[in-house]
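Put chain A on the given structure of chain V with help from the hints.
Chains V and A are the protein sequences, given in the same order. Heads up: the first sequence at position 86 corresponds to 182 in the working numbering, and the numbers run straight through without jumps. Heads up: the second sequence at position 91 corresponds to 108 in the working numbering, and the numbers run straight through without jumps.
None of these hints come from the bench; they were simulated from the model. Just to be clear, a hint being listed does not mean it is correct.
[Stated by the list, open to error] One side of the interface only, derived from the structure: several residues of chain V facing chain A at Cβ under 10 angstroms:
id : residue
1  : Glu138
2  : Gln141
3  : Cys186
[Unchecked claim] Residues from chain A that face chain V, not an exhaustive set, calculated with beta carbons under 7 angstroms:
id : residue
4  : Gly59
5  : Leu107
6  : Ser111
7  : His114
8  : Ala115
9  : Asp118
10 : Thr119
11 : Gly123
12 : Pro124
13 : Gly125
Beta carbons: idealized from backbone N, C-alpha and C, even for Gly.
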Amino acid sequence: GNSVTQMEGPVTLSEEAFLTINCTYTATGYPSLFWYVQYPGEGLQLLLKATKADDKGSNKGFEATYRKETTSFHLEKGSVQVSDSAVYFCALSSGNTGNQFYFGTGTSLTVIP
Amino acid sequence: DGGITQSPKYLFRKEGQNVTLSCEQNLNHDAMYWYRQDPGQGLRLIYYSQIVNDFQKGDIAEGYSVSREKKESFPLTVTSAQKNPTAFYLCASSPQHASTDTQYFGPGTRLTVL
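Here chain V stands alone, though its shape is the one from the complex (with noise of 0.2 angstroms):
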C-alpha cells in the first residue's frame, strides 16, 4: 500500500540553524512527491514538489530530493528563519491512484530568536 512516514517533532531550532526534516515513503507505480507547510489556523500551502526520481524540488530556500533508492523525500533548509515556523506536511501522489493523496502526520517546527 501507499504510506508516509515523518519525523517526528516538535522540532526546536535556533535562527540560522540549518533544518532537515526526514520523510520515508511507501508506494506502488510511480508516485509523485510534495511537501506542504500549515501556519496555525489555515489551510496547507505547497512548498515545494518533485515528480520523479532524482528531480529537486526548491523553493524560499527550502530543497527536497526525490531518492528512489531510499525511499526518501527530506527537506532541508540551510539557515531557518522565526517565520519558518509551522506544521511541515510530507505527501505522496501515487500513480496507479490517480491523485490520491497520502500524508505524513506533520512535523511542527518552532524557530527561536
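The following block gives chain A in isolation, referenced to the frame of chain V:
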C-alpha cells in the same frame, strides 16, 4: 484572485444535527477533495470528485455525504451518523486527477460538536 473558499470558518453543532460545509473554487479545476485533520495527525481523505456529478469515497467516508452538481462547488454534509465529528475540515482542488497534479487547499472549517 483565483482560489478556494470555505465557509464558515468556525461551526458549532449540537449532537444529532446534520451540518453542511461549503467549498467553492474559481480555479476551473476538475477534481475536488475533502479531508479531515485531527490534532497531531495527518490529513485523511473523506471524499473526492474527479468530475461533475461523480464522486468517490475516501478512507473515512462513513457519516459523511457530498454532492458535485457544479464544477466550482463541492459541499460536505456531516451527518448525525458521524460519531466523532469535531475536527478541522479542509477542502482541496487540483486541475485534474493526475498523480503529478498539485492539490490546492482552502483555509479550512473548524467544526465543534457541543
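ask   = Can you list which hints this structure breaks, lowest number first?
value = Violated hints: none at all, because every hint is consistent with the structure.
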